[in-house]
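Chain by chain, the residues run as shown.
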Amino acid sequence: KQEVTQIPAALSVPEGENLVLNCSFTDSAIYNLQWFRQDPGKGLTSLLLIQSSQREQTSGRLNASLDKSSGRSTLYIAASQPGDSATYLCAAMFSGGYNKLIFGAGTRLAVHP
Amino acid sequence: KAGVTQTPRYLIKTRGQQVTLSCSPISGHRSVSWYQQTPGQGLQFLFEYFSETQRNKGNFPGRFSGRQFSNSRSEMNVSTLELGDSALYLCASSDPYGLNSWGYTFGSGTRLTVV
Chain S
1 KQEVTQIPAA LSVPEGENLV LNCSFTDSAI YNLQWFRQDP GKGLTSLLLI QSSQREQTSG
61 RLNASLDKSS GRSTLYIAAS QPGDSATYLC AAMFSGGYNK LIFGAGTRLA VHP
Chain R
1 KAGVTQTPRY LIKTRGQQVT LSCSPISGHR SVSWYQQTPG QGLQFLFEYF SETQRNKGNF
61 PGRFSGRQFS NSRSEMNVST LELGDSALYL CASSDPYGLN SWGYTFGSGT RLTVV
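Protein chains in written order, with the numbering used here: chain S, 1 to 113; chain R, 1 to 115.
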């Protein structure tokens with residue numbers, strides 16, 4: 001069964017800290033992996049998309065990596081700010097399921113001043 | 001470039017009623033997917049449409065259905081509503097053949113409350 005797991009479920013850090021969010025998946029036959037941000041009661045905002053042929057993607061203070069052999073992806077947030085507080089979700093599209101995302105349960109991040 | 005538009009934003013319905021939700025994808029995106037988000041189950045895939053054809057369906061009862069029109073706009077319908085159908089319903093569009101192949105853009109969602 002194809003599954004996506006995110007650890008930790010919740011994280012609270014002081015402003016300015018660099019942090020890593022983890023995402024693991026059970027099937028190495030992954031087509032792509034996408035990281036999203038969700039604010040309370042809102043939809044999903046796409047942060048980074050990593051295709052299976054790529055190792056990492058960067059956008060501003062965010063960097064996401066993909067290691068298919070170990071079934072892991074990490075989202076690195078540099079110099080965290082209170083505005084980064086949200087739930088972060090990773091979602092995998094597996095080969096053979098090109099039109100379906102499988103989501104992790106998310107990591108709820110709180111950055112306090 | 002306009003994003004994914006979902007209407008309505010909020011709905012309150014009574015058990016046994018039916019509901020129709022609407023989604024307008026990003027211009028040029030022909031793939032539209034629907035997801036249900038609940039506190040207990042997280043985000044779960046409902047179905048995906050491409051050029052008016054349903055290509056994939058999640059593990060939901062037949063009360064959940066959808067369709068896509070020639071302009072790529074999509075609707076999903078839930079009949080005989082149950083309390084457990086209360087959720088945030090999210091629509092996403094994607095361009096499989098574009099630069100960001102199968103990168104998804106989500107709408108703001110429709111919050112359905114069944115009473």
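It should be emphasised that the hints constitute simulated quantities derived from the structure, not laboratory data. Beta carbons: idealized from backbone N, C-alpha and C, even for Gly. Check before you lean on any hint, since a few could be wrong.
Some, not all, of what chain S presents toward chain R, calculated at C-beta under 8 angstroms [unchecked claim]:
id : residue
1  : L44
2  : L47
3  : Y76
4  : N99
5  : K100
6  : F103
7  : A105
Chain R stretches covered by chain S per the calculated footprint, using a threshold of three residues with CB under 8 angstroms from any CB of chain S [stated by the list, open to error]:
id : stretch
8  : 76–84
9  : 101–111
*Using Cβ atoms only, decide whether K100 of chain S comes closer than 8 angstroms to chain R, and label the hint accordingly.*
5 angstroms, holds
*Do three or more residues of the stretch 101–111 of chain R come closer than 8 angstroms to chain S, measuring C-beta to C-beta?*
Contact hint for the stretch 101–111 of chain R vs chain S: holds, 10 residues under 8 angstroms.
*May I ask you to test the interface hint for A105 of chain S with respect to chain R, counting a Cβ-Cβ separation under 8 angstroms as satisfied?*
OK, holds: A105 of chain S within 8 angstroms of chain R, min 5 angstroms.
*Return the status of the interface hint for N99 of chain S: holds when the least beta-carbon distance to chain R is below 8 angstroms, violated otherwise.*
4 angstroms, holds
*asked:* Interface hint check: L44 of chain S, Cβ to nearest Cβ on chain R, cutoff 8 angstroms. Holds or violated?
replied: 4 angstroms, holds
*Agreement of hint L47 of chain S with chain R interface, Cβ distance less than 8 angstroms*: 11 angstroms, violated
*Holds or violated: F103 of chain S as interface residue toward chain R, Cβ cutoff 8 angstroms?*
OK, holds: F103 of chain S within 8 angstroms of chain R, min 4 angstroms.
*Check, residue by residue, whether the stretch 76–84 of chain R contains three or more positions whose beta-carbon lies closer than 8 angstroms to a beta-carbon of chain S, and give the verdict.*
Since 0 is below three, the answer is violated.
*asked:* Does Y76 of chain S hold up as a contact with chain R if the rule is Cβ-Cβ below 8 angstroms?
replied: With Cβ-Cβ at 20 angstroms, over 8 angstroms, it is violated.
Violated hints for the displayed structure, listed by number in ascending order: 2, 3 and 8.
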